[in-house]
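2 protein chains.
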Amino acid sequence: METRRGVIETPVFMPVGTQGTVKAVSPLELHDLGAQIILGNTYHLHVRPGEKVISRQGGLHKFMGWQRPILTDSGGFQVFSLARLRKVTEEGVHFQNHLDGTPTLISPERSMEIQRDLGSDIVMAFDECPPHPCSYEEASRSLELTLRWAARSKAWWEREAKEDRPLVFGIVQGSSYAALRERSVSGLVEIGFDGYAIGGVSVGEPESEMMRAVESAEAFLPLDCARYAMGLGTPPQMIEMIARGIDMFDCVLPTRIARNGTAFTRHCCLSLKNAAFAEDPGPIEEGCECYSCQNFSRSYLRHLIKAEEILGLRLVTLHNLHFYLKLLRTARGSILEGRFSEFRREFVSNYRPNERTSIAS
Amino acid sequence: METRRGVIETPVFMPVGTQGTVKAVSPLELHDLGAQIILGNTYHLHVRPGEKVISRQGGLHKFMGWQRPILTDSGGFQVFSLARLRKVTEEGVHFQNHLDGTPTLISPERSMEIQRDLGSDIVMAFDECPPHPCSYEEASRSLELTLRWAARSKAWWEREAKEDRPLVFGIVQGSSYAALRERSVSGLVEIGFDGYAIGGVSVGEPESEMMRAVESAEAFLPLDCARYAMGLGTPPQMIEMIARGIDMFDCVLPTRIARNGTAFTRHCCLSLKNAAFAEDPGPIEEGCECYSCQNFSRSYLRHLIKAEEILGLRLVTLHNLHFYLKLLRTARGSILEGRFSEFRREFVSNYRPNERTSIAS
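These protein sequence lines are chains H and R, in that order. Straight run, no breaks: the first sequence in the working numbering ends on number 378. Straight run, no breaks: the second sequence in the working numbering ends on number 378.
Hints are supplied without guarantee of correctness; some may be wrong.
Note that identical chains are pooled: a pair holds if it fits in a single copy or bridges any two copies.
[To be verified] Straight-line distance between alpha carbons at most 20 Å, and here's what the computed EDC-like set of lysine to aspartate or glutamate pairs gives:
no., residue 1, residue 2
1, Lys79, Glu303
2, Lys40, Glu325
3, Lys79, Asp297
4, Lys79, Glu296
5, Lys171, Glu207
6, Lys343, Asp264
7, Lys79, Glu302
8, Lys290, Glu303
9, Lys179, Glu19
10, Lys290, Asp117
11, Lys69, Glu296
12, Lys79, Glu177
13, Lys323, Asp117
14, Lys179, Glu107
15, Lys343, Glu303
FYI, nobody ran anything at the bench for these hints, they're computed from the structure.
Full structure from sequences and hints, please.
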């Protein structure tokens, strides 16, 4: 995928940098981990420090010291999960932010403006995110509104930015209803976007329902555009999504559970707080090339985590991001070599999911 | 100063790694900052994870991934500031640790055993740390006990470690009484140590009293042994101490106030939370070579600190440690070039201490 800040090789995992930093990680470390692109959250950055502050500092890339591409979300998901006193109108969403309650309107046009001020390379059309579960009627009404907002989002860019435009992605909604997912895709494709994201997944629904939602949208997406499954997922979920044609992923899971002392391996998740690791001299995962595994034992990491030392969560975060980024690089390599099915079968069958891999909302 | 893990150039600042990590910093970063030696806390490591765990993992250096020298304190200071239900006898100190209340005895011999198990390169004799203020009689009784403990500490090493012995330092006590400081030094010198630390300073007394305590001890210390002022200090305090013949310093100040968003500069401390920095595009300190100053603005750092992002305290910690380590390197260079007095006068007169530089105990 070509962006104005260089080519991104897909399938790709995008570490999440909610507040202008991937939690606990420096840009130099992200670079060394091989992250190709990171995600910034429009809602959070709008609320603090404000897109105008970032713009006057030269944009989000300069502000946070990250030279590679940045994708920003539309703000919709956070408006619908964090903000208070929400009121949805045709114009947009009125709300009070979760930090200091400032009354705010985010409309499709405002969302595009904020993402422009941040200097994003891939921007998302503004969308409504209905809750789960959601009735057919409600999901239908909501996706039609999202389609009208998507058209306004695209129109804003055509009007406001003739040159050096970022890629603009539409977001497929439709809850768990296959007919609505299809309707959402066809409406978005009619407007025409540079890529398509599947939203409203990983919002508390069972995994089988999530897979069906992705499948029912994916079947109707253009073949020559990037497809992005928003907010996903566990390692086997990503591999299964790649098998279903998805190219892009973002997820807080590897960084969030790291801060709780949980590390990914190719077989399962390890809770490093476990007493079994108190005197374990081995690394998190034998053979792993990350800084943590090359230099520190499970025994030391457990000590750091029990002692609530920042270095502990730093080292587990580095490992987990390395794991995710390497998993996607390996998947890409296996596709190029024509042995993805084999890789998928082997990886998924060797992986034992447990309760620590579920995504806390 | 020669240690079994190499030569240390003095005067030297030793970053504090209380629980087997200098807070928020990786060993690689410490190495790149030019730290020559770090400090580990005997009491904390004894309580968690336990010196036997660390010993079975190959010692503290291997455990925490740090190849250069480590100095461990005696545990005395923490026993007297953190532990509960303390009872001092001739044998040692009985207490319950601050974490889970386990009843424990630390005697001079136990302290040496623990420091041996940790694999320390510079060990401290076990000492009693009287509170401030302290009567002459109490300070006198206490320092005599500390002298008997010092003799037992040294005897333990002569008995238990014939070869590959670490450097063993005695600790001068005597509160704010010049006569007692002198008595403490002469008693310690009679026993004979590889170096001498001045303890019982920076325990809440006024700065002038602290300077006098150091001066009254320093005058009687052997010229060919390292002198270490424990738990000091602010930047001008260290420079003043160097002028009084002190070679070694350790202090939590640069790392602790960094986690509160306060950064050192050659003129003063900056509280980066201050609204004045919200849109300041400059680095913490113009011309500073540290990773933070080379890559990030005050505006970004303020945002990270306000948003309570780990990267914020990481970056300020890196800057503050760089500042301390470079200050001591500069002092060393000025001594070698015969212009220390000039450097001292200029640095101290340009530095404006404020309330943010006081050491929280």
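Here is how each hint holds up against the structure:
1. Lys79 / Glu303: For Lys79 and Glu303, only the inter-copy Cα distance (18 Å) is at most 20 Å; the intra-copy one is 37 Å.
2. Lys40 / Glu325: both (16 Å within a copy, 10 Å between copies)
3. Lys79 / Asp297: between (42 Å within a copy, 13 Å between copies)
4. Lys79 / Glu296: Close across copies (13 Å), not inside one copy (43 Å); limit 20 Å.
5. Lys171 / Glu207: within (12 Å within a copy, 84 Å between copies)
6. Lys343 / Asp264: within (15 Å within a copy, 47 Å between copies)
7. Lys79 / Glu302: between (35 Å within a copy, 18 Å between copies)
8. Lys290 / Glu303: within (18 Å within a copy, 42 Å between copies)
9. Lys179 / Glu19: Within one copy only: 18 Å inside, 67 Å across.
10. Lys290 / Asp117: between (36 Å within a copy, 17 Å between copies)
11. Lys69 / Glu296: For Lys69 and Glu296, the Cα distance is within 20 Å only across copies (10 Å; inside one copy 51 Å).
12. Lys79 / Glu177: neither (23 Å within a copy, 58 Å between copies)
13. Lys323 / Asp117: between (33 Å within a copy, 13 Å between copies)
14. Lys179 / Glu107: neither (26 Å within a copy, 84 Å between copies)
15. Lys343 / Glu303: Cα proximity of Lys343 and Glu303: one copy only (15 Å, versus 38 Å across).
This entry does not satisfy hints 12, 14, going by the numbered hints stated previously.
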